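A.B. asks: One letter stands for each residue in the lines below.
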Amino acid sequence: MTDNLQLWVIPLLPLVGAAINGFFGRRFKNSMVSTIALLFTAASFGLAARAVMMAWPHESGPHMTLPHIETLGTWIQAGSFSAPFGFYLDQLSMIMVLVVTGVGFLIHIYAVGYMSHEGGFYRFFAYLNLFMFFMLTLVLANNYLLMFVGWEGVGLASYLLIGFYFQKNSAADAGKKAFIVNRIGDFAFLIGMFLLIQHFGTLNYEGLFKTIADGHYAPEAGWGFLTITALCLMFGATGKSAQVPLYVWLPDAMEGPTPVSALIHAATMVTAGIYMIARSHAIFNLAPHALEIVAIIGCITAIFAATMGMAQTDIKRVLAYSTVSQLGYMFLACGAAAYSAAIFHLMTHAFFKALLFLGAGSVIHALSGEQDMRRMGGLRKVIPRTFWVMTIATIAIAGIPPFAGFFSKDQILGEVFASKTAGPIMWVVGVITAGITSFYMFRLWFMTFFGERRPDAELGDHHLMPAPVAASSHGSDDSHGQDDHGHDSHGTSGVHESPWIMIGPLVVLAILSFIGGWVGVPAFMGGHNEIEHFLAPVMDSGSAAGGENVPIVKVLEFATPPEPRPHNEEWMLAGTSVGAALFGLFFAWLLYYKSPGLPDKITSKIHGLYLVVLHKYYMDEGYGFLFVKPLLALSTIVFWKGIDQSVIDGLVNGAGTASQGIGNELRRMQSGNIRSYAAWVAFGGAAVVAYMIWLGVR
Amino acid sequence: MVPLSWYLVLSAILFCLGVFGFLLKRNIITIFMSIELMLNAVNLSFIAFANYWNAHAGQKLASGREIVGLSGHVFVFFVMVVAAAEAAVGLAIIIAVFRTRETLNVDRVNLLKL
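Chains V and Z are the protein sequences, given in the same order. Sequential numbering from -16 applies to the first sequence in my numbering. Sequential numbering from 201 applies to the second sequence in my numbering.
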């Protein structure tokens, strides 16, 4: 057995695919482009699977020591600081690599079907492969700096893909918004890295975590260096993982094509922040205040986003808010120092949320671009396969056993309940969020698949709502040019099930959404919670290194629950969350299936509150008023009109005017009149003579 | 014996006459004559200096060198020869200019001015 897994090839393959498609794809046929894109992604997935298989820890001890580090060479060398091109494979990055390449590959397949009628086919797949490259760099890097390269790269790919329909103003704006909001978080991440360099002199995971684990650091009671660093890293994660206060970009990111929403804005990229926190758990464990703040932010995000999701009518926006909310759960788990639970939920969420987005894409595809749920309905019979996979995904996200979402969510809630940094109050919020999640997901399910077909539904009562993205561009008059989408969309006859190339990945994801949670069946249900044991060597590395030291014992207080909880308490907690989910299901059934007139009555009763929720708590407006407008005014008045126009332009123009004026005066000397030249010569000669006389007389 | 300064003053007066004639006159022949006047004013000072040195020939300077005469006269001959050559070329140019422009006024002969 070779010890070299050639990890660097895994990220490089998609880059090659991106380069081929990006540079030459314009001349290729669509089939050629998709073959290249799929081939390189599949190869990357295969290599990742091989690497994981070879590094898999066995009962008899692992084949190779984990973490397995491969260094290609030095990237940056400055004084004592150095950042290598290094790759780091441990249990955590194994899961991430498999999720990224696996789900990514499925979504690539789906996209071949979904994008077949779109322009810029090659561009789309080049960007998608580029994203895979950066995401794999992010999860495989062995130091924060290389991770940051991937981190910025996925931001770039996200920007390119959100603005894929760049002719649409809203899409271009959404891309810019995502990029700029992410930059704010990235700035904090950078500062966190600088702090780490200043304090530890290295950004390599190995050196960094070993130094921390050596026991010279006690958990900080106050606001020490590690807490500040952890908060900086966390703020970076809030940008990428769309948490309060930087979540605003994610709902707008739904302007991108649906496979992009599934891959980047649900399954992989947005989980980068969670991955980063889990990777930095050694730092966070020593900073209880930072953990508390992470938990609070996760908690607020989870419930805020869930309530916002209740009032949305655009099918993708519902899912976007749901993603924000679920990421809030993962943040909450990180804040409770339950990193394994967070990663577990990350994995199951990648399955069912990708499935939900792809299913929504399938619905949108079937309805020729309609995204507003009020114009859907009754699709159960028409697109049965999509209906069934969506059903599985909905049950999975709602947290009803034995589907995947239940186990991960239950594990998070259980850990939160017992945690010192989170606690029962946050558990209550989490359970309420679970109920709301179930409600809005089943609302989506009922509105889309049940009831009457209503393609021409009057949307006037919601005129305050911003127009759904595609509703205007795909009217019901068949005048648009997409040939396959061009048939009559009035009756059910125009609605068509998606081709198998799209359904296939859905089925695979549906199976994963169903069984994906079984790797984490908790002990009280008779399982072994394999995933937690699997991740334990990574997450406990801090304590494993120096068990005798007193500070480490304190670390453990925060890192893991003090003792196994009684089983009946666990059953009670699990039962409560399932109860909340069923409660949400019941309300959704009541309001959107049994008596569809009821929601309007309720919303008119609490009109003010409803409007606030409908407008997403006026967060965008608030940010616009608080940050964007003052910044714009500052830039316009001070930087543009003040500094740029008067100082810089003034300097440049002044230099021009001055030399012009001086030249204008000097021009008079060169009159072209020979006698005046001679006079000047005579005058000069006389001056020289006078000077010499003066020298003699002196 | 006439002192050296008298010659030099006369030379300066002649030179200034030449300068002012050059600056103020418009007729190219007059300007040409003014140039000759300046050259000859310089010649006069050369002769005067040479004569002055000759009066002291055989004596020693502070630096120890002996003063020898005649070198000043030689320069005057050079100047006169060059001036004669210049006069030949200059008059030829003036004749060529007069044939084409039919004027001797230098202000009218300003084609080189942009």
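One thing to keep in mind: the hints can contain errors.
Short derived list, chain Z residues pointing at chain V, Cβ under 10 Å [claimed, not checked]:
{"id": "1", "residue": "Phe222"}
{"id": "2", "residue": "Asn227"}
{"id": "3", "residue": "Ile231"}
{"id": "4", "residue": "Val306"}
Hints are computed from structural coordinates only; laboratory data are not their basis. The model shown is predicted, which means the values in this text are computed figures rather than measured ones. Cβ atoms here follow ideal geometry from the backbone N, Cα and C, with glycine treated the same way.
A.B. asks: All hints are to be evaluated individually against the structure, with a verdict given for each.
C.D. replies: Taking the hints in turn, this is what the structure says about them:
Because the closest C-beta pair between Phe222/Z and chain V is about 6 Å apart, less than 10 Å, the hint holds. For Asn227/Z, the shortest C-beta to C-beta distance to chain V is roughly 13 Å, which exceeds 10 Å, and the interface hint is violated. The closest approach between the C-beta of Ile231/Z and any C-beta of chain V is roughly 9 Å, which is under the 10 Å cut-off, so the hint is satisfied. This hint holds: Val306/Z has a C-beta 7 Å from the nearest C-beta of chain V, less than the 10 Å allowed.
When held up to the earlier numbered hints, the structure conflicts with hint 2 and nothing else.
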